[in-house]
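Colleague: Make a model of the complete structure from these sequences and hints.
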Amino acid sequence: MKELLYNIAKKAGINLSDIQLEKFQIYYELLIETNKVMNLTAITEEHDVINKHFIDSITLGKYISLNGGRVIDVGTGAGFPGIPLAIINSDIHFTLIDSLNKRINFINTVIDRCQLSNIDTVHSRAEDLGHNDKYREKYDFCVSRAVANMSVLLEYCIPFIKTGGKFISYKAGNTEDEVKQSASAQQKLGCKFIQLYSFKLPGTDILRKLYVFEKYRKLGKSYPRQAGKPKKNPL
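One point on numbering: in my numbering, the residue at position 91 of the sequence shown is 230, and numbering is uninterrupted.
Be aware that one or more of the hints could be misleading.
Here are the simulated DSSO-like pairs of lysine-lysine, each with C-alpha atoms no more than 30 angstroms apart in a straight line [stated by the list, open to error]:
id: 1; residue 1: 149; residue 2: 339
id: 2; residue 1: 339; residue 2: 273
id: 3; residue 1: 327; residue 2: 360
id: 4; residue 1: 201; residue 2: 348
id: 5; residue 1: 141; residue 2: 191
id: 6; residue 1: 241; residue 2: 273
id: 7; residue 1: 301; residue 2: 273
Since the hints were made in silico from the structure, they are not lab data.
Modeller: Here is the structure:
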């Protein structure tokens, strides 16, 4: 797995060290083994895990520097993109949150086995944690590969970042309309869409997109709304 990951990463313009490759190897093995008893990912073939999970997660670093920042990954699932980003950015602190405790337990096992001292995990819904003063408006960056409408994602994620901070949404497919339709949410949440980065996964025609939003003012106390409301009734 390590040699294949190294070669695919190189095609993507990313150089991985031996230590990083070893951590990815451990992560991969834990993901596949745990997936046999817990639904973590539908993607299990080695090449696909490397490309669609690992490379997809870390390509962000080619476009956006996270240096010196604190990063929160909202709806991290099996740890994407947070764990791969933490592996290649050992000097940056990451907080990974998910609403399902068994996924958090899996991530904690990965953190322990990979000796990742730069990750904290939280079992919580974003709507609840977004009102916790320990996390609210404390981060320079928020990242998310969660599958949700952009307006919903903005309400989940914007509460965590500081004024001037950025939210980066990982998307696939035709999602430009989502951004246009999120204009109301952007206005209410004090953020604006500023940049789109597009790239193809190495050796494929699979297009990935990174939508970047910047927060320009503090958030009113009414957001995020209580659990379930953002998804049921997007802004």
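Colleague: If a hint holds in the structure, say so; if it doesn't, say that too.
Modeller: To see whether the hints hold, each was checked on the structure:
Distance check on the hinted pair: residue 149 and residue 339 sit about 14 angstroms apart at the alpha-carbon level, within 30 angstroms; holds. Distance restraint check for residue 339 and residue 273: the Cα-Cα separation of roughly 37 angstroms exceeds the 30 angstroms cut-off, and the hinted pair is therefore not satisfied. Simply put, residue 327 and residue 360 have alpha-carbon atoms about 12 angstroms apart, close enough for the 30 angstroms limit, and the pair holds. With a C-alpha separation of about 13 angstroms, the suggested pairing of residue 201 with residue 348 holds against the 30 angstroms cut-off.
With a C-alpha separation of about 16 angstroms, the suggested pair residue 141 and residue 191 falls inside the 30 angstroms cut-off, and the hint holds. Simply put, residue 241 and residue 273 have alpha-carbon atoms about 23 angstroms apart, close enough for the 30 angstroms limit, and the pair holds. Among the hinted pairs, residue 301 with residue 273 is consistent with the structure: their alpha-carbon atoms are about 12 angstroms apart, no more than 30 angstroms.
Figure legend: structure checked against the earlier numbered hints; the only hint not met is number 2.
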